[in-house]
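*Asks:* So the mapping is simple: the working numbering equals the position in the sequence shown, first residue as 1, plus 7.
Treat the hints as calculated values from the structure; they're not laboratory data. Please read these numbers as outputs of a predicted model, since none were measured by experiment. Be aware that one or more of the hints could be misleading.
Under the rule of at most 27 angstroms between Cα atoms (straight-line distance), these lysine-lysine pairs were calculated in the BS3-like manner [stated by the list, open to error]: (1) K39 / K68; (2) K150 / K140; (3) K39 / K140; (4) K39 / K143; (5) K39 / K142.
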Amino acid sequence: MTDSTSGPLAVYRLLPSMGEFRTLLLGGSLRKLIRWQITASATDLPSSFSGLWDGNPGWRKGEFPSGCPGAPILSRRVADLLAADLSESGPFVPVVIEAADQAFPADADGSDDYVLHLVEQVVDCLDARRSSKPKKTTGEITKAVFHAETLPVGLAAFRVPEFRGGVYWNAWAVDRLTGLLGDDLEARLVWSEDPAVRPHPSPWGF
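Throw the hints in and build the complete structure from the sequences for me.
*Replies:* Structural data, given as structure tokens:
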């Protein structure tokens with residue numbers, strides 16, 4: 008793990024940037040993830056997910072290809088490089104890529120080797136009084152303020168009880184991912200202990 012205390016504490020939402028690369032849709036298997044996030048039951052814990060590539064077939068495949076708030080997906084290359092950093096947040100679960108055309112199977116050369124980082128850690132660190140109320144339909148919190156003293160800075164990623172369907176990332180983990188993915192990754196600031204820094208106005212929007 009990198010030094011998580013070298014700068015002001017900050018929390019982000021991560022998603023693919025708008026570029027010429029393909030994204031990955033979870034489709035029906037997303038419901039399995041949402042059910043587990045709500046129940047936290049071991050019986051609902053998914054052992055795998057299914058995904059389908061979206062976008063121009065001529066574009067390259069992104070290595071952080073999912074914009075779903077609670078479904079961070081990584082290429083195997085990135086997952087292996089960050090395995091030690093992400094292990095305390097939760098395990099990697101395989102994503103089985105479905106072929107868009109059943110006559111042509113998904114790539115067998117390893118380029119379709121992806122995993123979903125199943126963020127298990129739910130931490131009570133949100134300042135509910137200073138944060139906006141969760142949206143009734145999605146649970147999303149537009150303005151999130153965290154208690155610095157209870158923020159789990161040692162974790163790369165975490166969730167909060169008020170919004171179990173969203174994954175938050177600590178700044179040091181964002182730095183690591185950005186170092187590997189560059190402009191392919193969009194990091195939206197949700198909160199910072201530095202009052203001079205303005206958070207993104209719609210961190211969970213598209």
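*Asks:* Now, for every hint given, state plainly whether the structure supports it.
*Replies:* Hint by hint, here is what the structure shows:
1. At roughly 24 angstroms between alpha-carbon atoms, K39 and K68 fall within 27 angstroms of each other, so this suggested pair holds.
2. Simply put, K150 and K140 have alpha-carbon atoms about 8 angstroms apart, close enough for the 27 angstroms limit, and the pair holds.
3. The hinted pair formed by K39 and K140 meets the criterion: a straight-line CA distance of about 25 angstroms does not exceed 27 angstroms.
4. Under the criterion of a C-alpha separation no larger than 27 angstroms, the hint pairing K39 with K143 is consistent with the structure, at around 20 angstroms.
5. Distance check on the hinted pair: K39 and K142 sit about 21 angstroms apart at the alpha-carbon level, within 27 angstroms; holds.
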